[in-house]
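The residues making up each chain are set out below.
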Amino acid sequence: MDRVDTMLLPELDGPVPTALPRTLGLLSLALGVGALVAPRPLARLTGVDDSPAAQAAIPAVGAREVVHAVGLLSGRRPAAWAWTRVAGDALDLTLLGRAMADRRGERRRRLALTTAAIAGIAALDVAAAIGAGRARRARARVIRMEVAVTVNRSPAEAYRFWRDMENLPRFMAHLESVHVDDLRRSHWIARGPAGHRVEWRAEIVDDQPNRSITWRSLPGTRVPNAGRVAFVPAPGDRGTEVRVRLRYAPPAGALGRVVAKLFGEEPEQQVRDDLRRFKQVLETGEVVRSEGSPNGISVRQQAMQRPAQPLPASRR
Amino acid sequence: MKANVWMGTDSVRVIDVPDPTIMNARDAIVRISTTAICGSDLHLYHGYIPAMRKGDILGHEFMGEVVEVGPQVRNLKPGDRVVVPFPIACGHCSSCQRGLYSVCENSNPNAGIAEKVMGHSPAGIFGYSHLLGGYAGGQAEYARVPFADVGPLKVPEDVPDDQAVLLADVFPTAYMGAEMCDIKPGQVIAVWGAGPVGLLAAASARMLGAERVIVIDRFPYRLRLAEEHAGAETINYDEADVLDTLNEMTAGRGPDACIDAVGLEGHHGNAAMYAYDRAKQATRTETERPFALREAILACRSGGVVAVVGAYGGFVDKFPMGAFMNRSLIMRTGQCHVQRYTRPLLDRIRRGDIDPSFIVSHRMPLRDAPKGYKIFQKKQDDCTKVLLTV
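From first to last, the protein sequence lines are chains L and S. Plus 17 on top of the position in the first sequence (first one is 1) and you've got this note's numbering. Plus 438 on top of the position in the second sequence (first one is 1) and you've got this note's numbering.
Calculated directly from the structure, the hints in this document are not laboratory data. Ideal placement from N, C-alpha and C gives every residue a C-beta, glycine not left out. Just so you know, not all the hints are guaranteed correct.
Reference excerpt, derived from the structure (chain L facing chain S, CB under 8 Å, subset only) [stated by the list, open to error]:
id, residue
1, N169
2, G256
3, Q286
4, K296
5, Q297
6, V305
7, G309
8, S310
9, G313
10, I314
11, P324
12, A325
13, P329
Input sequences plus hints: build the corresponding full structure.
Written as structure tokens, this is what we have:
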């Protein structure tokens, strides 16, 4: 199958980026090996060659750096390993501060330079740790769904209906509207609880007539999302298997909570209901309504059905 | 309008509710002339069907006059006299196109809950719980009929309401039970339950050429109807052992096919057996009392058919799977695909092959629905079928 099959949201479907943590790992390795192999030159360079205690401490610092290096280069849990580097930096800065307090002249100048360098690296470490942590949490929030329904219509009919993205709100309960800008781009508005709206722009990234459509939100969207729908002839001349894969990445914080409510507690059930409505619209012409579920299929409404009586005039 | 609504276990009430309106383009509104209380309405009345809500309008057997149609309904017009099948079916999904209307894939807006209970969802049914769609029923002055271009059958003036309203459910259900028996010349058919469906299943089996039909019940007045109107022999299970009697009547073969027209609220002649399942049902460790089904399986001739048209909702205990498997039995079942049968059965009524209205024992106005439920439940006054006129 094509590449979009495995990766709908490359920045969120793939592994956590590890470039910065790896670079810091290599730096740790260089520093660690240096400190273990040549403690004396390093002591001179940093201005602590006058202290026997420092001569003993440098190989220990080197050994610790090697541990950071192994962790960061392993590629596993980059955020946690970056935080161990931050802790090491704090320790180093403390030692340097003490050393600086009782030195003057050239040694003090070298110590000041070393401190500045370590502070700079510490800033990078903090950035790497926070960045890797955010990326990991964002991936943990990504919701992935694969749902399918069989529709008693040809793949061409099912494709045509879906390809006109402005039809999507007719069966996707959370959408208020989709406005098509051109052949590929569209503007989506989702209806949230308490009047919250979430908007984004999307583009079709892969379009195989009568077979599949793949779309994703444009970069810069607050709620990155992507989807692919495939229309496969059902065996035995029974219409079309409509197979949908969806990804979305709700952000943290208040907006994330709105998005979570939008999809309810069982996001997959909601998409299943969307597909049931899609089937109803294609097979019967519209969404089927009953007195108990006047808005048609909806998991949320099923929990709070009204009695099976005609609607009062005020609610029609 | 006035409507008969469910208020809780053993409680229904006729109250004022809003008039129905067109909600979908293929809807029609019917002004009801006659509606009926079904044996399966008693399952709702007794609280055995889950997902009922206080205020739900009951009733899935009704007929009347079309007063309004949605823009997509072209086969009906105001003034048409129609009978409405109880399963709501879209006519376009692959189940409907195979004639399996009672498992329509589109007509249950609450399919998500039904799937959790039954694996897949059956069709929506008028006035039959929110599990089956949350549709307002037809024990009312008016009803909204979805997919009116598929279900309702126009009824000619020469067929009275008493006969036509039975085409909504009981007659097709009974006929389908007999049809599932695949009756061949010389065959003996046994029917458990002499309620409206059992009686009409016996009559249908005769109509389809059964040599002998044996009806099993414990109410003499109902067994008398089976003898007089369905040409059946009868067994009163309060007086005789059913399996022994059937073996004797068939010289040890057993009936060629057995129809369970009882369903989930069966009764058993043996007090201990009855108490066992009644207690399990009361404590919700079993949802059904499947005496008729167990007995039908044990009675049936090896290689024969057990046709289940009595209604079940959940799970049965002590299902005699050993007898079922070792004796090569076949089970056929289903809520009736009424839309398949309405026209041919209307034709049979008009030809005089059968008059199904022999089951009707009571007619009363809609406002007396609570009384109708009570006498039907208690089987007072030789009650077999209550029609409500509007």
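Status of the hints after comparison with the structure:
1. Interface restraint check: L/N169 against chain S, minimum CB-CB distance 5 Å, threshold 8 Å, status holds.
2. Hint status for L/G256: holds, given a least beta-carbon distance of 7 Å to chain S, under 8 Å.
3. Interface restraint check for L/Q286: the shortest CB-CB distance to chain S comes to about 6 Å, inside 8 Å, so the restraint holds.
4. For L/K296, the suggested interface contact is upheld, since its CB lies about 7 Å from the closest CB of chain S, less than 8 Å.
5. The beta carbon of L/Q297 comes within 5 Å of a beta carbon in chain S, closer than 8 Å, and the hint placing it at the interface holds.
6. With its C-beta approaching chain S no nearer than about 6 Å, L/V305 sits inside the 8 Å limit, and its interface hint holds.
7. For L/G309, the interface hint holds, the least distance from its beta-carbon to any beta-carbon of chain S being 2 Å, beneath 8 Å.
8. With its C-beta approaching chain S no nearer than about 4 Å, L/S310 sits inside the 8 Å limit, and its interface hint holds.
9. Annotation: interface hint on L/G313 holds; nearest CB of chain S at approximately 5 Å, less than 8 Å.
10. Hint on L/I314 holds. Least Cβ distance to chain S is approximately 5 Å, under the 8 Å limit.
11. Because the smallest distance between the Cβ of L/P324 and any Cβ of chain S comes to about 3 Å, under 8 Å, the interface hint for this residue holds.
12. A distance limit of 8 Å between C-beta atoms decides the matter here; for L/A325 the minimum to chain S is near 4 Å, and the interface restraint holds.
13. Hint status for L/P329 relative to chain S: holds, with the closest Cβ pair at about 5 Å, below 8 Å.
Violated hints: none; the structure is consistent with every hint.
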